[in-house]
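Colleague: Here is how the chains run, residue by residue.
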Amino acid sequence: MTDAGEHLGGKQSHGLQRLLQGQAGTTKSEIQNPSAGGFVEGSDLLHDRLGTAAEAQFTQAEADRTLVGTGIFAVGVGASLGRDGRTWWGNRCPASAEEVGEDVSAEVFRLHRRCFFIVFTHGAETAIEELVGGGFPAVFGTLLFIGLHDLRDEVRWVEAQTQWSGRGRLGARETAVLLRLDACPCDRLCGGKRSTQAESVDCAVRRARISWGKESCMEPAALEGLVIDDQQAGLFRVNREVFRSPEILALEQQRIFAHCWIYAGHESEVPNPGDFCARRVAGRPVILVRGEDGMVRVLLNTCTHRGALVCRQRTGNARTFQCPYHAWTFNTRGELVGVPGEDAYSPSFDRRELALGRPPRVESYRGFVFISFDPGADSLVDYLAEAKEYLDLVCDQSEVGMEIVSGAQLYSIRANWKLLVENSIDGYHGLPTHQRYMAFLAEIGGMDLATVTRLRGVGKSLGNGHSVIDYEPPWGRPIARWAPYFGEEKKVHLQAVQQRLEERFGKTWAYRITQTSRNLLIFPNLIINDIMAVTVRTFFPVTPEYMEVSAWALAPRDESAADRALRLDNFLTFLGPGGFATPDDVEMLESCQQGFANREVVWSDISRGMNRAEPVTTDELQMRAFWRRWHELITGRPAHQAAARAA
Amino acid sequence: METREMRGHEVSREQVEDFLYHEAALLDEWRLEEWLTLLTEDANYFVPSTDVPDGDHRTSLFLIADDAVRLRSRVRQLLGKSAHAETPRSRTRRLISNVRIRGREGETIYVTANFVVYRMRAELVDTYVGRYEYTLVQHDGALKIKERRAILDLEVLRPHGKVSIIL
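These protein sequence lines are chains H and G, in that order.
1154 is the number of the first residue of the first sequence in the numbering used here; add one for each residue after it.
19 is the number of the first residue of the second sequence in the numbering used here; add one for each residue after it.
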């Protein structure tokens, strides 16, 4: 970011420097690494705009071309600061508030569930005074300013912003963004005419939306036609651009990974006070840690002093995390408990403000810990919707709780992350892709191939993009579905387990727990496949064409050593990067990604079973559920409406 | 007499090296059926997960924990046409070094060696680095593999994504 200031010709204020170095503190390399994206998108915008806007572009004439003459003095619109309904700061457009307010708000809301959005033209000082003077609510999330004004105003703006931060209105979690509207690339949209105020604002908003996708110059038009959901015709298509485009990935980082509940780990991974796991979640280094008070927390793994990782071990037990750089020390709750030479700091220096950061939201459901970077997110339970029922079927397998077994399969796939979503809940690919596993299963199980490959069941959408295939499997399940290859001696034992579960839950639920399999997707990137063993699998995109995958085995904490050994054995026949199936999935996904280089072939088809009243496991309803939610989050509207409009 | 018998059982590092180099050649040349003849009937093959290199497959999730049945099936699959991850087959090249005889109990010999296995496919090269732990048995002067454990030094299987060959 150091080069950004130079474009201001040395005229930037101290405040701007602070903005550049402080809240927008990230490096260019991080900007280019999509996995680091999302939370700090402000700095990207800043870099983008300040880094590319030549002084000459910032002239009065340029301003005139954009908004001046429209009568706009300043427009500010805020949307959805939380669930308390205090979401509307108001419209600061004295000229015609009614005319543009609603439209802009709606558009901003689509941009992001929560942001603050201001367009300045000339004479922004009054607006700034109002900002500084109060009457402006605390803002969580991202603050986006679009400034169209002369440099003096810009400096004023930054000063205002700095003061505002100084009042504690802009906390560490918030990002301020200064976006200068210089040359408008939206000529195609507004034709350079912008004859009315509303059109001009629309133009500005569209520009903001473009910039929201980070360094992209993505035309809003590019967000059209990503998914065709034609329910009348029974056709569902996904534009393959979504598997290739860095712009789409940037939008996903923002609108999906920084917005949804994301699985961070399981409480059983940190059973004792001080136990920790350091890992990347949604591109961010975090620490899953159980404090000395027994509480499981997720801390952002970056020293609040200068940024170094305070924890560099993958797992372990610690009483404190000491940053190796200047030895600032944090306890397992994240509180700053040690600062060497603290007497050198002024009285304003307050340790309490310098605790390790935390994701705005952390909640867990039956041991599964999720985080959300969206302070206004629905509760985790609400978010899980009907997927809760399927998580319960997994968790009810033990009376004392499930645990993650030691040993993680940490691998990767040279393919877009969404291909693994599709693949993980795809009942159609079983026979062709996994023929060798099926043949193996038939052989050891004494079955014919037709029996082995039949997954009798249904595909279901569970709300919020979650989905499942739910079926009676051909394989044995170590919980209590016996198969010949488990050996006769296991039979009696598994019957006892079955009976015990029936006593606890009744026959129907016990049957579902033990005798049925489920491939469950928790949107966007958590797979819990309770099949021949239980795997928990999560994955994050690094680039559009490369993802990192982590998979674990989940097991009843109270199962016997023999059962555990059987479970792990059963797991490995099919699952994992050395199993008889997963390597072929990896191969297929990488193969798809290579095929996508043929840009002339635009669509992937996901229509299977669309007209069937009750879709079966080999249909693709469960994938469509994912894509519909994906489309809503990325574009702000349902895919079927987009189709209707196109028609 | 007694001395000669002892000598018959004695295995030199050179002999073990020759044996491992021969094994590596069979694997590199995809002569997997022949490779199986180097193994005892009950041979096991393990690849621990990268985060528990010293784990036990009964209590930790591994990448590969093949018993004799699974191992023979693996070979058949790899030689067939439905192992997509290895169709077409990758090229591999194994470099084996630092061979050490670590112990001996009767006919059982414990050997460790370092390996680098290059896998070339789809114009990419993936490099697997690690060490072998072999349990060899000696029958009538011939060596056989009772257990082979390929312990990866890789922290994660990235960008490899899989272990679709026999390491």
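FYI, nobody ran anything at the bench for these hints, they're computed from the structure.
A virtual CB, placed ideally from N, CA and C, is assigned to each residue, including glycine.
Take these hints with a grain of salt, some might be off.
Derived contacts from chain H toward chain G, CB cut-off under 8 Å, selection only [what the hints assert, rightly or not]:
1. G1560
2. L1563
3. Q1588
With a straight-line cut-off of 25 Å between C-alpha atoms, the simulated SDA-like cross-links for lysine to any residue are [what the hints assert, rightly or not]:
4. G:K164 - H:A1718
5. H:K1644 - H:I1597
6. G:K99 - H:F1639
7. G:K99 - H:L1602
8. H:K1644 - G:K164
9. G:K164 - G:D36
10. G:K99 - H:A1718
11. H:K1643 - H:W1628
12. G:K164 - H:F1639
Colleague: It remains to establish, for every hint, whether it holds in the given structure.
Modeller: The hints, checked one at a time:
1. G1560: With Cβ-Cβ at 3 Å, under 8 Å, it holds.
2. L1563: OK, holds: L1563 of chain H within 8 Å of chain G, min 4 Å.
3. Q1588: 4 Å, holds
4. G:K164 - H:A1718: 20 Å, holds
5. H:K1644 - H:I1597: 16 Å, holds
6. G:K99 - H:F1639: 28 Å, violated
7. G:K99 - H:L1602: 16 Å, holds
8. H:K1644 - G:K164: 30 Å, violated
9. G:K164 - G:D36: 17 Å, holds
10. G:K99 - H:A1718: 31 Å, violated
11. H:K1643 - H:W1628: Holds: K1643 of chain H and W1628 of chain H sit about 15 Å apart, inside 25 Å.
12. G:K164 - H:F1639: Holds - the C-alpha atoms of F1639 of chain H and K164 of chain G are around 24 Å apart, at most 25 Å.
Figure legend: structure checked against the earlier numbered hints; hints not met, in rising order: 6, 8 and 10.
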